[in-house]
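*Asks:* Turn these sequences into a full structure, and let the hints guide you.
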Amino acid sequence: MAVEAATGGATTSVSATAERRGRRGTLATWRRVWRAAQEAAAHTLLLCFTALLALKLDGLICCSWWVLFTPLWLFHAVIARCRFSLPASSSPQICQMTSCHSIVATPLLVAFELLLCVYLEGRGEPFIDLKLVFLPLLALEIITLVDNFRMCGALMPGHGETMTDEAIWEKLPHFWVAISMVFLLAATSLMLLKLCGDAVTLGWWDLFINFGISQCFGLLGCTRWSNPMVCR
Numbered sequence: 001m002a003v004e005a006a007t008g009g010a011t012t013s014v015s016a017t018a019e020r021r022g023r024r025g026t027l028a029t030w031r032r033v034w035r036a037a038q039e040a041a042a043h044t045l046l047l048c049f050t051a052l053l054a055l056k057l058d059g060l061i062c063c064s065w066w067v068l069f070t071p072l073w074l075f076h077a078v079i080a081r082c083r084f085s086l087p088a089s090s091s092p093q094i095c096q097m098t099s100c101h102s103i104v105a106t107p108l109l110v111a112f113e114l115l116l117c118v119y120l121e122g123r124g125e126p127f128i129d130l131k132l133v134f135l136p137l138l139a140l141e142i143i144t145l146v147d148n149f150r151m152c153g154a155l156m157p158g159h160g161e162t163m164t165d166e167a168i169w170e171k172l173p174h175f176w177v178a179i180s181m182v183f184l185l186a187a188t189s190l191m192l193l194k195l196c197g198d199a200v201t202l203g204w205w206d207l208f209i210n211f212g213i214s215q216c217f218g219l220l221g222c223t224r225w226s227n228p229m230v231c232r
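Heads up: the sequence shown at position 216 corresponds to 216 in the UniProt record's numbering, and the numbers run straight through without jumps.
Hints are computed from structural coordinates only; laboratory data are not their basis.
All values derive from a computational prediction rather than experimental measurement.
Heads up, the beta-carbon is just placed ideally off N, CA and C, and yes, glycines get one too.
Check before you lean on any hint, since a few could be wrong.
SDA-like, lysine to any residue: derived pairs with alpha carbons at most 25 Å apart [claimed, not checked]:
{"no.": "1", "residue 1": "LYS56", "residue 2": "HIS43"}
{"no.": "2", "residue 1": "LYS131", "residue 2": "CYS152"}
{"no.": "3", "residue 1": "LYS171", "residue 2": "VAL104"}
{"no.": "4", "residue 1": "LYS131", "residue 2": "MET191"}
{"no.": "5", "residue 1": "LYS194", "residue 2": "ASP206"}
{"no.": "6", "residue 1": "LYS56", "residue 2": "ILE128"}
{"no.": "7", "residue 1": "LYS56", "residue 2": "LEU46"}
{"no.": "8", "residue 1": "LYS171", "residue 2": "PHE183"}
{"no.": "9", "residue 1": "LYS194", "residue 2": "LEU145"}
{"no.": "10", "residue 1": "LYS194", "residue 2": "CYS216"}
{"no.": "11", "residue 1": "LYS194", "residue 2": "LEU137"}
Label-pair ranges, simulated between beta-carbon atoms [claimed, not checked]:
{"no.": "12", "residue 1": "PHE149", "residue 2": "CYS216", "range": "40 to 46 Å"}
{"no.": "13", "residue 1": "TRP66", "residue 2": "ALA37", "range": "36 to 42 Å"}
{"no.": "14", "residue 1": "GLU121", "residue 2": "LEU60", "range": "44 to 50 Å"}
{"no.": "15", "residue 1": "LEU195", "residue 2": "THR29", "range": "19 to 25 Å"}
*Replies:* As structure tokens, then:
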């Protein structure tokens, strides 16, 4: 009787464990499905905005700028939780540090887009100055620059500690993004001056060289890109 009871208890325990694993697997599957649907929706909204913008610039449609930017704002709403995240660190202390730019990125971008809509709706007589429109975008770039340099300093070894290969790989993405922000900030400032007529002699090729260099360094920053909210 005792042997049968022990065998029955073991069987029940194994069945319960298998059931829990099955539930976890089902939950993980639904999470992957939800993530894939979220990514598909984000790309679709971004494609809609790009197509509407191209049609608007070609004069094929005459919709309001507010209607045109609606897909872009929905795009921000879809990806607001997972965008602009810094690479995660294996150190628990660093992992708990909240990146400032990941918090303010979406509000500042939306503010820039709203001001841009107000400016474009002016139809030749803008209600606000173009330099004021670019302030949120410049603020975001400066915050991202400072934030990444701050993370580089936080990942530096302490007194008496040696720099390991893992620490170098954790620091490099922040360093590349910081360098990318330097060129992006310069390119945005020069573009603003050119649009305002303060840098007439500046050519568009000279301007977009800075954007190209910024994108190259940003690509290097994606070598070990991960969400800091998931610390392993």
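*Asks:* The structure should be examined with respect to each hint, and the outcome stated for every one.
*Replies:* Status of each hint after checking the structure:
A distance of roughly 20 Å separates the Cα atoms of LYS56 and HIS43; the hinted pair therefore holds under the 25 Å criterion. Our distance criterion of 25 Å between C-alpha atoms is broken by LYS131 and CYS152, whose separation comes to about 31 Å. Of the supplied pair hints, the one linking LYS171 and VAL104 holds, its CA atoms being roughly 22 Å apart against a limit of 25 Å. Taking the CA atoms of LYS131 and MET191, the gap is near 11 Å; set against the 25 Å cutoff, the hint holds.
For the proposed pair LYS194 and ASP206, the alpha carbon gap of about 11 Å is at most 25 Å, so the pair holds. A threshold of 25 Å between alpha carbons decides the hint, and for LYS56 with ILE128 the separation of about 22 Å falls inside it, so the pair holds. Between LYS56 and LEU46 the CA atoms are separated by roughly 15 Å; this keeps the pair inside 25 Å, and the hint holds. Of the supplied pair hints, the one linking LYS171 and PHE183 holds, its CA atoms being roughly 19 Å apart against a limit of 25 Å.
Distance restraint check for LYS194 and LEU145: the Cα-Cα separation of roughly 23 Å lies within the 25 Å cut-off, and the hinted pair is therefore satisfied. Taken as a hint, the LYS194 and CYS216 pair is honoured in the structure, with Cα atoms around 23 Å apart against an allowance of 25 Å. Taking the CA atoms of LYS194 and LEU137, the gap is near 16 Å; set against the 25 Å cutoff, the hint holds. Distance hint for PHE149 and CYS216: a CB-CB separation of about 19 Å, inconsistent with the stated range 40 to 46 Å.
Between TRP66 and ALA37 the CB atoms are about 27 Å apart, so this pair departs from the stated range of 36 to 42 Å. Checking the proposed 44 to 50 Å range against GLU121 and LEU60 shows it is violated: the Cβ atoms sit about 19 Å from each other. Checking the proposed 19 to 25 Å range against LEU195 and THR29 shows it is violated: the Cβ atoms sit about 49 Å from each other.
Hints 2, 12, 13, 14 and 15 from the list above are not met by this structure, while the remaining hints are.
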